[in-house]
Amino acid sequence: MVAETTAKTLNVTLRVWRQAGPDAPGTFVDYAARNLSSNMSFLEMLDVVNDELTMKGEEPIAFAHDCREGICGTCSCTINGKPHGPGHGIATCQTYMRSFQDGDTIVVEPFRARAFPLVKDLVVDRSAFDRIIQAGGFITARTGSAPDANAIPVPKTDADLAMDAAACIGCGACVAACKNASAMLFVSAKVSQLGLLPQGQPERDHRVLAMVGTMDALGFGNCTNQYECSAACPKTISHDFIARMNRDYLKASVRAAFKPVAAGASGGAG
Amino acid sequence: MAQLDSKVPSGPLADKWRKHKTEIKLVNPANKRKYEVIVVGAGLAGSSAAATLAELGYKVKNFVFHDSPRRAHSIAAQGGINAAKNYQNDGDSVYRLFYDTIKGGDYRSREANVHRLAEVSVNIIDQCVAQGVPFAREYGGLLANRSFGGAQVSRTFYARGQTGQQLLLGAYSALSRMIGAGAIELHTHSEMLDLVIVDGQAKGIIVRDLITGEISRHAADAVVLATGGYGNVFNLSTYARGSNVTAIWRAYKRGACMANPCYTQIHPTCIPVTGDYQSKLTLMSESLRNDGRIWVPKRKEDRLKPPASIPEADRDYYLERIYPSFGNLCPRDVASRAAKRVCDEGRGVGETGLGVYLDFAEAIGRLGEAAVRERYGNLFDIYHEITAESAYQQPMRIYPAVHYTMGGLWVDYNLMSNVPGLFVLGEANFSDHGANRLGASALMQGLADGYFVIPYTIGDYLAGQKPGSRPSADGPEFKAAEENVRSATSRLLGIKGKEPVSHFHKRLGKIMWEHCGMARTRAGLEEALKMIPALREEFWANVNVPGSAATLNQALEQAGRVGDFLEFGELLCLDALKREESCGGHFREEYQYPDGECKRDDTNFGHVAAWEYQGPGRAPLRNIEPLNYEFVKMSVRNYK
Numbered sequence: 001m002v003a004e005t006t007a008k009t010l011n012v013t014l015r016v017w018r019q020a021g022p023d024a025p026g027t028f029v030d031y032a033a034r035n036l037s038s039n040m041s042f043l044e045m046l047d048v049v050n051d052e053l054t055m056k057g058e059e060p061i062a063f064a065h066d067c068r069e070g071i072c073g074t075c076s077c078t079i080n081g082k083p084h085g086p087g088h089g090i091a092t093c094q095t096y097m098r099s100f101q102d103g104d105t106i107v108v109e110p111f112r113a114r115a116f117p118l119v120k121d122l123v124v125d126r127s128a129f130d131r132i133i134q135a136g137g138f139i140t141a142r143t144g145s146a147p148d149a150n151a152i153p154v155p156k157t158d159a160d161l162a163m164d165a166a167a168c169i170g171c172g173a174c175v176a177a178c179k180n181a182s183a184m185l186f187v188s189a190k191v192s193q194l195g196l197l198p199q200g201q202p203e204r205d206h207r208v209l210a211m212v213g214t215m216d217a218l219g220f221g222n223c224t225n226q227y228e229c230s231a232a233c234p235k236t237i238s239h240d241f242i243a244r245m246n247r248d249y250l251k252a253s254v255r256a257a258f259k260p261v262a263a264g265a266s267g268g269a270g
Numbered sequence: 001m002a003q004l005d006s007k008v009p010s011g012p013l014a015d016k017w018r019k020h021k022t023e024i025k026l027v028n029p030a031n032k033r034k035y036e037v038i039v040v041g042a043g044l045a046g047s048s049a050a051a052t053l054a055e056l057g058y059k060v061k062n063f064v065f066h067d068s069p070r071r072a073h074s075i076a077a078q079g080g081i082n083a084a085k086n087y088q089n090d091g092d093s094v095y096r097l098f099y100d101t102i103k104g105g106d107y108r109s110r111e112a113n114v115h116r117l118a119e120v121s122v123n124i125i126d127q128c129v130a131q132g133v134p135f136a137r138e139y140g141g142l143l144a145n146r147s148f149g150g151a152q153v154s155r156t157f158y159a160r161g162q163t164g165q166q167l168l169l170g171a172y173s174a175l176s177r178m179i180g181a182g183a184i185e186l187h188t189h190s191e192m193l194d195l196v197i198v199d200g201q202a203k204g205i206i207v208r209d210l211i212t213g214e215i216s217r218h219a220a221d222a223v224v225l226a227t228g229g230y231g232n233v234f235n236l237s238t239y240a241r242g243s244n245v246t247a248i249w250r251a252y253k254r255g256a257c258m259a260n261p262c263y264t265q266i267h268p269t270c271i272p273v274t275g276d277y278q279s280k281l282t283l284m285s286e287s288l289r290n291d292g293r294i295w296v297p298k299r300k301e302d303r304l305k306p307p308a309s310i311p312e313a314d315r316d317y318y319l320e321r322i323y324p325s326f327g328n329l330c331p332r333d334v335a336s337r338a339a340k341r342v343c344d345e346g347r348g349v350g351e352t353g354l355g356v357y358l359d360f361a362e363a364i365g366r367l368g369e370a371a372v373r374e375r376y377g378n379l380f381d382i383y384h385e386i387t388a389e390s391a392y393q394q395p396m397r398i399y400p401a402v403h404y405t406m407g408g409l410w411v412d413y414n415l416m417s418n419v420p421g422l423f424v425l426g427e428a429n430f431s432d433h434g435a436n437r438l439g440a441s442a443l444m445q446g447l448a449d450g451y452f453v454i455p456y457t458i459g460d461y462l463a464g465q466k467p468g469s470r471p472s473a474d475g476p477e478f479k480a481a482e483e484n485v486r487s488a489t490s491r492l493l494g495i496k497g498k499e500p501v502s503h504f505h506k507r508l509g510k511i512m513w514e515h516c517g518m519a520r521t522r523a524g525l526e527e528a529l530k531m532i533p534a535l536r537e538e539f540w541a542n543v544n545v546p547g548s549a550a551t552l553n554q555a556l557e558q559a560g561r562v563g564d565f566l567e568f569g570e571l572l573c574l575d576a577l578k579r580e581e582s583c584g585g586h587f588r589e590e591y592q593y594p595d596g597e598c599k600r601d602d603t604n605f606g607h608v609a610a611w612e613y614q615g616p617g618r619a620p621l622r623n624i625e626p627l628n629y630e631f632v633k634m635s636v637r638n639y640k
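Note that the protein sequences, when read in sequence, are chains H and G. The first sequence runs 1 to 270 under the working numbering. The second sequence runs 1 to 640 under the working numbering.
Some clues are possibly wrong.
As the list claims (entries may be wrong) - Computed, partial: chain H to chain G, Cβ under 8 Å:
1. Asp66
2. Cys67
3. Ile71
4. Val123
5. Gln134
6. Pro155
7. Ala166
Read the hints as simulated data drawn from the structure, not as lab findings. A virtual CB, placed ideally from N, CA and C, is assigned to each residue, including glycine.
Work the whole structure out from these sequences, hints included.
Shown next as structure tokens:
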């Protein structure tokens, strides 16, 4: 019942993607990882392997990580073909060696997608996500201009649903899991969070059009409704948000086509 | 000797900030675009500052070592953010929040800074709601609150167990908006490795691109550091693995004073250590103490028995027993030391004996499992992932761990360090929490500094700098600083010793935890002050940093940071040795009351200790800023 008394020792073979840089050829390399505790996290196991490589004079495996508690979204390994590994609703850093059996061969790869170019070994560049947010993933609220926080009540059900969407950690597992490398789950989560709240209404149309346009321009694929994204999501964000975004996108596109523009919109009084 | 003028405005406490805002100098709107400001870090303080300064019209460059500004460790804060809104009608006020924070800090912070923090707390909640932060709400649609340690009102706003994440994403969205508008130049994977001083003023930084290895110089009219805390000097902590002291330590070596480094916070509710391989400790939010009850068996013999088999009469709910009026919600330092005491008595639970129970059985009986799941479900999930135990069925086992650092670079009321032009925000400065921070106050301080303080106070400095007087990055000071960074990097790569960086970090962490952790003694600190320089010498002779400087090299990054911790740890212990009293998170065993509570010495230590670098191999200078309590009486903290 108590984890530490049930700790087991296991030996595994790691088959890791090694690639010195974006233009270098990559290959799988096998490493023996021995005498591991089942209570070790997957990343702690990589720490141990890396220290052993260092002692042998080899270059350690580059992998992305930071908070190691499943919230910063930095870690990004595909383990045995699944982004973030075998567990449901957790990130790579929350994967523990007790998920594996003694003698297993574990295949470790980076998140693969055209819009996430490889940096080194298991590290990829996910700055495309930042650029999508910069295109419209915000509510314009200049500091100091806000009304009292309780001035606009928000129905609890809307606030709760917005929070479900807002839980996204921006890791990119949804893209890595999708055969089209689509970013629809990521984008729809932000579009839905802000679109569900009264504060998000003035920019709602612009937001969805700009974010989807940027997503397309950056080389992410489209959605073909297989929902691998939500299955891989460490925060189990629902693909229902994709449907919600599609409705928003359609309405915004129609409204944009017919929306009258004020004659004085381009200049103010001197 | 450094000049430490706090620049606290005169006048009644409640009027100081308002008066100061109307009296400090302004930069006219057309001139703002002529000033460049460097902001290092993009946590709550850094991203809110960068976004707001850009909104005002300043040209901003933001540097983060992460791959995205959204990764900063503010994101991991779970419980909530305090604000004196009094939406619960339970008697809260700006004064009460101020008083609780001053008292929580064990009377070792500046009155005026803390009062300002309490004043702007209400604006923060308004700002965050306007950005779309999905705070918890009641059925009527209004904002919900909960209680945190050290307070007897419900003033904490929260977004499930992910408040830090939601506030950071709010600030990140504001930052992103200004990046998209071209007002902020974002540099990711960029680690600040030196501060550049020109004519005594901070005018730039030296940065290493962590992907290409390129080292570059950046000039500015002012430099803002918002680079977080230094808790990873203990190796095992609740900090992210990348959190480090490097930016503020290198600023210290350029003349900025380091204030009160010995004020470290040990959080009472973390998941206990299990093995040597461990890289990190995970916090279980203080909010759990709203409904969870902390206990250990009354008798040592019972400590390994299944908890359910121990009858009520044989349990010691020690916080409720010792502190009846605050109970399980007493402040962190108090709760941590109490846990240490019961474990030292041999009553700690779990294999290692370093654990106490946090029990939800009573709450589940009272509220039902569903209600407990709604409040704390994600925390119970985290606990289950790490321990493979269900806290719905058996009590959690918890133990204190390093969680936050109250010390940091010294700043005046304007958040400017003793180096003109160098501003320090959030956890990286020492300013608002004294010797102990209350729960839900870190998020408040980070955002207060970034959204509502620096946008005013930086103008007071910049108004005195002629537009266009910014030095060129080709000047001799920049070249010398770049050379300093290059030589340190090649020195690390050239050692080619026998041990990996982690070996030294683990050993440093053990020294710090054993001799400068929850309980400190003169003898222990003196011992640590011998061990750390010896370990540092060993590091520089025997560390193995593989690879090259011209590519992504995580071992090299880590080596630079651990090298700084090996210097900084010594200063931390020295500060702890020289502060011959107990206060807040700094507990010296020699200075305690018979019941084990902190015994302060206001006459001799009612001051800020601000350490000044004197050069390599020379003892640093201990400067003093007296703390003048004009409005509150320094008294013995009592949570009984």
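Consistency of the hints with the structure:
| no. | hint | verdict |
| --- | --- | --- |
| 1 | Asp66 | holds, 4 Å |
| 2 | Cys67 | holds, 4 Å |
| 3 | Ile71 | holds, 5 Å |
| 4 | Val123 | holds, 7 Å |
| 5 | Gln134 | holds, 4 Å |
| 6 | Pro155 | holds, 5 Å |
| 7 | Ala166 | holds, 5 Å |
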